[in-house]
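Chemist: Residue numbers (this note's numbering), protein chains in the order written: chain V, 1 to 92; chain X, 1 to 485.
Pair by pair, the computed Cβ-Cβ distance ranges are:
1. E255(X) - P66(V): 40 to 46 Å
2. K343(X) - K45(V): 57 to 63 Å
3. E81(V) - S292(X): 44 to 50 Å
4. E20(V) - D277(X): 17 to 23 Å
5. E79(V) - E255(X): 31 to 37 Å
6. G15(V) - V135(X): 25 to 31 Å
7. D72(V) - K313(X): 53 to 59 Å
8. L306(X) - E81(V): 46 to 52 Å
Don't read these hints as lab results, they were simulated from the structure.
Even for Gly, the Cβ is constructed at its ideal location relative to N, Cα and C.
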Amino acid sequence: MKIDVDHVAKLARLGLGPEEKKLFGQQLSAILEYAEVLQKLDTDKVAPTSHAIPMSNVLREDKVSPCDNVDDILANGPEQEEHMFRVPRILE
Amino acid sequence: MLAMSKYETVIGLEIHAQLLTESKIFCGCSTKFGAKPNTNICPVCTGQPGVLPVLNKKVVLLAIKTAITLNCKVEPRSVFARKNYFYPDLPKDYQISQYELPLATGGYLEIEVEGNKKRIGITRIHLEEDAGKLVHQGAERIMGSEASLVDYNRTGVPLMEIVSEPDIRSPQEAKAFMETLQHLLQFIKVCDAKMEEGSLRCDANISLRPKGQAKFGTKTEVKNMNSFRGVQQALETEQKRQAELLDSGGKVIQETRYFDDQTKQTKSMRSKEEAHDYRYFPEPDLVPVEPSQEWIEEIRKTIGELPEHKKNKYEQDYGLPPADIEVLLSSPALAAFFEESLKLYDKPKVLANWLMGDISAYLNEHKKGIEELNFQPAKLVEMLQLIDKGTISGKIAKTVLVEVLDSGKSVQDVIKEKGLTQVSDAGELLKIIKEVIKSNPAQVEQYRSGKKAVIGFLVGQVMKASKGRANPKLANELLAKELGS
Numbered sequence: 001m002k003i004d005v006d007h008v009a010k011l012a013r014l015g016l017g018p019e020e021k022k023l024f025g026q027q028l029s030a031i032l033e034y035a036e037v038l039q040k041l042d043t044d045k046v047a048p049t050s051h052a053i054p055m056s057n058v059l060r061e062d063k064v065s066p067c068d069n070v071d072d073i074l075a076n077g078p079e080q081e082e083h084m085f086r087v088p089r090i091l092e
Numbered sequence: 001m002l003a004m005s006k007y008e009t010v011i012g013l014e015i016h017a018q019l020l021t022e023s024k025i026f027c028g029c030s031t032k033f034g035a036k037p038n039t040n041i042c043p044v045c046t047g048q049p050g051v052l053p054v055l056n057k058k059v060v061l062l063a064i065k066t067a068i069t070l071n072c073k074v075e076p077r078s079v080f081a082r083k084n085y086f087y088p089d090l091p092k093d094y095q096i097s098q099y100e101l102p103l104a105t106g107g108y109l110e111i112e113v114e115g116n117k118k119r120i121g122i123t124r125i126h127l128e129e130d131a132g133k134l135v136h137q138g139a140e141r142i143m144g145s146e147a148s149l150v151d152y153n154r155t156g157v158p159l160m161e162i163v164s165e166p167d168i169r170s171p172q173e174a175k176a177f178m179e180t181l182q183h184l185l186q187f188i189k190v191c192d193a194k195m196e197e198g199s200l201r202c203d204a205n206i207s208l209r210p211k212g213q214a215k216f217g218t219k220t221e222v223k224n225m226n227s228f229r230g231v232q233q234a235l236e237t238e239q240k241r242q243a244e245l246l247d248s249g250g251k252v253i254q255e256t257r258y259f260d261d262q263t264k265q266t267k268s269m270r271s272k273e274e275a276h277d278y279r280y281f282p283e284p285d286l287v288p289v290e291p292s293q294e295w296i297e298e299i300r301k302t303i304g305e306l307p308e309h310k311k312n313k314y315e316q317d318y319g320l321p322p323a324d325i326e327v328l329l330s331s332p333a334l335a336a337f338f339e340e341s342l343k344l345y346d347k348p349k350v351l352a353n354w355l356m357g358d359i360s361a362y363l364n365e366h367k368k369g370i371e372e373l374n375f376q377p378a379k380l381v382e383m384l385q386l387i388d389k390g391t392i393s394g395k396i397a398k399t400v401l402v403e404v405l406d407s408g409k410s411v412q413d414v415i416k417e418k419g420l421t422q423v424s425d426a427g428e429l430l431k432i433i434k435e436v437i438k439s440n441p442a443q444v445e446q447y448r449s450g451k452k453a454v455i456g457f458l459v460g461q462v463m464k465a466s467k468g469r470a471n472p473k474l475a476n477e478l479l480a481k482e483l484g485s
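Bound conformation, chain V alone (with noise of 0.2 Å):
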């Protein structure tokens, strides 16, 4: 099965050069392939697994528990100004 390795790096923003693209084109190829050999079961009866184990409504109460360490997370981007992160133009 063919992938379309070109547009795959582009969505998870990678910069593939071409013995990369090669690289990673069979790679994922053979694991398409893979999960075609699964499509071939008989899975009308079975219900879609979104989740591997069944267990439902974990849920927590509407309490405000501040956290405690906001600058530390805040120091994690490289440039901050006014309390805030600093990224680079969006758009072109």
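Dock chain X against the given chain V, drawing on the hints supplied.
Modeler: The following block gives chain X in isolation, referenced to the frame of chain V:
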């Protein structure tokens, strides 16, 4: 508008409503508006490695409440999904939303335009998290700006997306839909629904097709409509643009257009990005939501009476005219105030008059809701009873009311402090009447020569001389007696 008659307009709306919770949808950060940038953030909502989101129960409750109100089916199982895209306002590089299995489906909202009622279908209601806020530097907007500053306080604030069916046929209907929806969301207290403040937002899909054609035309998506008027204006503009384009043999391009509130035009966002490819997949960190029937029924009981029912009751049981009903139902707090007052004072029309007259005028002038004042139904009723007993005149009551609303004091205190009780003491009134008779000989003469209507003028003079405090009924009687003698 000639061009328009050939086409039928088809509109569908996507509405985002901020849910009224204390904390965010998946973490304990405060949702409070207006905090210093990046103070209501934590490892969860900023997408730090290894964190786990946990769903806020109140968010589910409020969305179920809305689903019931909009006649939707609450799905027995809904699942969160990751919507993947890159944008600086989204720290995780995906938004947690619901996709294939939304919280609720298949409802409707009834709107009324020029006396005609119409049902607009609701396709679905789903839950998602809001994104952060960007401030663009070096330009008014994102175009041409050098850099942007990001505030993640809003990231993770709970949003409920309501998607309508393409049942709307005019910009006017779109506006009516938004107004009716706002009213309902406020009434059931799930969202404060202020378009200007962004707690209620709306995007529209709009297309034109030749009348009689079943197939939809090519649509555009219109964004940035920040008021009800804006919704109507933006869609009228876009409707006209598409009609002219089609008339001149052109084709509508499927794209996103931005409404400019200044120029009243829609502009292509000219985004170069390729067709959206969000690669949705189930969010592995959040388990499915499966609300029990018992919980749904419990929530249903908390909804109370909806505006449509109140409207009928006000009309049939209280005999109020449509204009009064519209004002009373314009805010849930005002309607509640009216109904509470009615329990203490059984004259609906008198209550309605005060609420839509002096009280509404005061609220409009001060840009406040009745719930923000230290003014309770008992105070209004106390004042009305004092008018009925003749302790104060209706005219004086207007002054008393403003003072009570301003100061939050009791009606009795204001009357005492200002010496505003009505003069019902015959001796005191007689003194004033004699003075009036003395200073208006011409009118007195007219009265005595048979022109009885002049008494109205003389009573007016008595009221004036008493600074409005004279009991008008008593003044009238005493005056007639004096003049007759």
